Structure formats: C-alpha cells, structure tokens
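First residue of the sequence shown: 5, per the numbering used here; consecutive thereafter.
Hints were generated in silico from the structure; no laboratory data involved.
Quantities reported herein were computed from a predicted structural model and do not represent experimental measurements.
Glycine is no exception: its CB is placed at the ideal position from the N, C-alpha and C atoms.
Pairs of lysine-lysine residues, derived as DSBU-like cross-links and limited to a Cα-Cα distance of at most 35 Å, are as follows: (1) 49 <-> 161; (2) 49 <-> 188; (3) 188 <-> 161; (4) 188 <-> 106; (5) 49 <-> 119; (6) 80 <-> 188; (7) 150 <-> 161; (8) 119 <-> 150; (9) 80 <-> 150; (10) 150 <-> 188; (11) 49 <-> 213; (12) 188 <-> 119; (13) 119 <-> 106; (14) 213 <-> 304; (15) 213 <-> 188; (16) 80 <-> 161; (17) 49 <-> 106; (18) 106 <-> 150; (19) 106 <-> 213; (20) 304 <-> 49; (21) 161 <-> 106; (22) 80 <-> 106.
Listed next, with one range per pair, are the computed distances between beta-carbon atoms: (23) 210 <-> 258: 56 to 62 Å; (24) 236 <-> 169: 50 to 56 Å; (25) 168 <-> 55: 30 to 36 Å; (26) 276 <-> 35: 43 to 49 Å.
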Amino acid sequence: MTRQLLPPFPEDTNFAKLGRPAPTAYHDQHGNLVRCGSDSAAFVKLDMDVSRLNTIHQYLWLAGRPTNARSLHRQKMIERQILITEQADLHMVWHESRIFLKPLPDYIFDYEFWKGTICNDAALHASFCGFLLSYVWLIRHPSDLKIALELGLISSKISWEGWTVFVDTFLLNIDYEALDTVNKRCHYGELRLSRLNAIYRLLHIFEPKRFMLGYMHGYNRYTVFFERNFGWLVIILLYTTTTLGAMQVGLGTTELQQDKNFQRASYGFAVSSVMLLVFVVFLEVLLFSWFFVFNLVASKAFLNRRRQQRRALIQFKTAQVP
Numbered sequence: 005m006t007r008q009l010l011p012p013f014p015e016d017t018n019f020a021k022l023g024r025p026a027p028t029a030y031h032d033q034h035g036n037l038v039r040c041g042s043d044s045a046a047f048v049k050l051d052m053d054v055s056r057l058n059t060i061h062q063y064l065w066l067a068g069r070p071t072n073a074r075s076l077h078r079q080k081m082i083e084r085q086i087l088i089t090e091q092a093d094l095h096m097v098w099h100e101s102r103i104f105l106k107p108l109p110d111y112i113f114d115y116e117f118w119k120g121t122i123c124n125d126a127a128l129h130a131s132f133c134g135f136l137l138s139y140v141w142l143i144r145h146p147s148d149l150k151i152a153l154e155l156g157l158i159s160s161k162i163s164w165e166g167w168t169v170f171v172d173t174f175l176l177n178i179d180y181e182a183l184d185t186v187n188k189r190c191h192y193g194e195l196r197l198s199r200l201n202a203i204y205r206l207l208h209i210f211e212p213k214r215f216m217l218g219y220m221h222g223y224n225r226y227t228v229f230f231e232r233n234f235g236w237l238v239i240i241l242l243y244t245t246t247t248l249g250a251m252q253v254g255l256g257t258t259e260l261q262q263d264k265n266f267q268r269a270s271y272g273f274a275v276s277s278v279m280l281l282v283f284v285v286f287l288e289v290l291l292f293s294w295f296f297v298f299n300l301v302a303s304k305a306f307l308n309r310r311r312q313q314r315r316a317l318i319q320f321k322t323a324q325v326p
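All chains, full assembly: derive it from the sequences and hints.
Here it is as structure tokens:
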C-alpha cells in the first residue's frame, strides 16, 4: 500500500506563506526562457533537481562523508566564503575556500503548495524534505540564523523562535536518522567539487562534452584551465632542474667522472627529462586544440539550434493566424 505523502509541517505554521510560490518565469535545462503560468510543477522539479548526484551516488563516498554538514558559523570559522547558487545539485558543494549554498525559497514553507504540487510526486517530496534537512544542519544556533539572514539564504521574516518551532515539528515528520524519507543525496553532507569533477569525468570518459565540462565547468578562459591543471609542472621542473644541476656538478668531480653507474644514471635522467618536456608540450597543444575545436563546434550547434527553434515558433504562430 502506498503511503500518503503529507507536508512535513502543520498548516498553521507561523511563516507558512511568505510570498509567491514560484517565479513568473525561469530558464529550462537548455537555457530557454519559460513562463510558469498556473502550473509550477515543472519549475519546482527543475529547481530541486539533484539527479546528477543520484546517478553517481555509489561513488559519493570519494567526495564527502556520510555525515551532517557543518553549521554556518563553523563554515565561517574555517574561513570559507559562502557563495549563492540556485542549482540544487551544487548545494553544499565546496571548492578550496568556497562553499555553494542554495537559499531557502519562500514557497517551501507554503502548506497549500506542498499539498497541491510537492506531495503529488514521491521523488519531489523526498528532494524537498532533504533540502529542508540540509538547513536544519546549517542553522543550529542564533548566530547561524543571523549569518543566513545577512547572506539572504532565508527570509527576513523568520525569527529564531519561529525557526526552532518549525525545525522541531519538521523532525517529527521525517525520519532524520534512517534518512529513508529524504533524497539520498542528503545521506552525505558537504561534497568536494574537485573529486566530483574527477568522478564525473571518469564515468563519462567516452562522452566528449561531459568529460570536458566535468561536474561543474569553472573555466571561462584557456589560461585559467592550464594554470589550475598544470601548476604541478612548476614543482616537477624545479625538481628536475635542481637534479640535473647537481648531476652536472657531480660529473665535474674526479670521483664521479670515473663512476659508470653515475654516468648511466645521469644519462638516463637527462633523456627522461627531455622526453617529459616534449610530452607535456604535446599534451598542452593537444588539449588546447581539442578544447578550441569543441567550443567552436558547440557554439555553432547552439546557434543553429536557437535559429531552428525561432523559425519553428514563427511558423507555428503564422499557421495560427486565420
């Protein structure tokens, strides 16, 4: 028997209706502008979409621990910069000294919106419950709420007293220990972006677009890509230069000039260093060429697709005219 889905808070919640359930318009997955109209189900499904994380769930242990996320004041303590994102699958994802957080939308507290839209879809219900649970982790103290208000992560109409009452009721209506009533993304707290990129690329190694972009594409210039991904070359070149210099000095001494083992080692290391340098230069040229051609083809395909969509829309409107 299917369990009836209900909102995880009572109808008389003191901040149950804070504003409009959904925006007037939004962008879909292809970047097209879509008008919500009276049906906001498509928007909320996209707004809480964490399917990319769910598809790689079995590998998420490589990117984070199955534990609660740190509260907001702890994020500040470890000197993390909190950045706003509207992508649900980037929520609680961190990179270096930054962490991405998705603000709590006002419509998530609307009881009627839950009853009419969210409770009609089990997967959507689990995603919203998981998202609310993440904020139970993030806002545990008055100082956390103050940070959330300053950053615009939560409505300014919510007080600490109201929040504590809401959290207490919410936790009574979900299984926050077994986590079987929330989306499985919330089985993990914070996730490391660099490892998500590695996982995503390895799993899509034969799909050029996904392999190149990874989980989150953060490069808007080729120089940024090479600086971040080939910075380790500086250390290798420094080590190689120091070693070659030491070997050259060694070969200038009487003792080592007669040592055939040292001469063979010096010869082998010198040849390997030259081959490594040639390989790295070839790899950089190859990657640059690949990225350039890929971006060129993708831009041309995107332009053609938009032209075809506009042409089809114009033809459709023309056909509707009597």
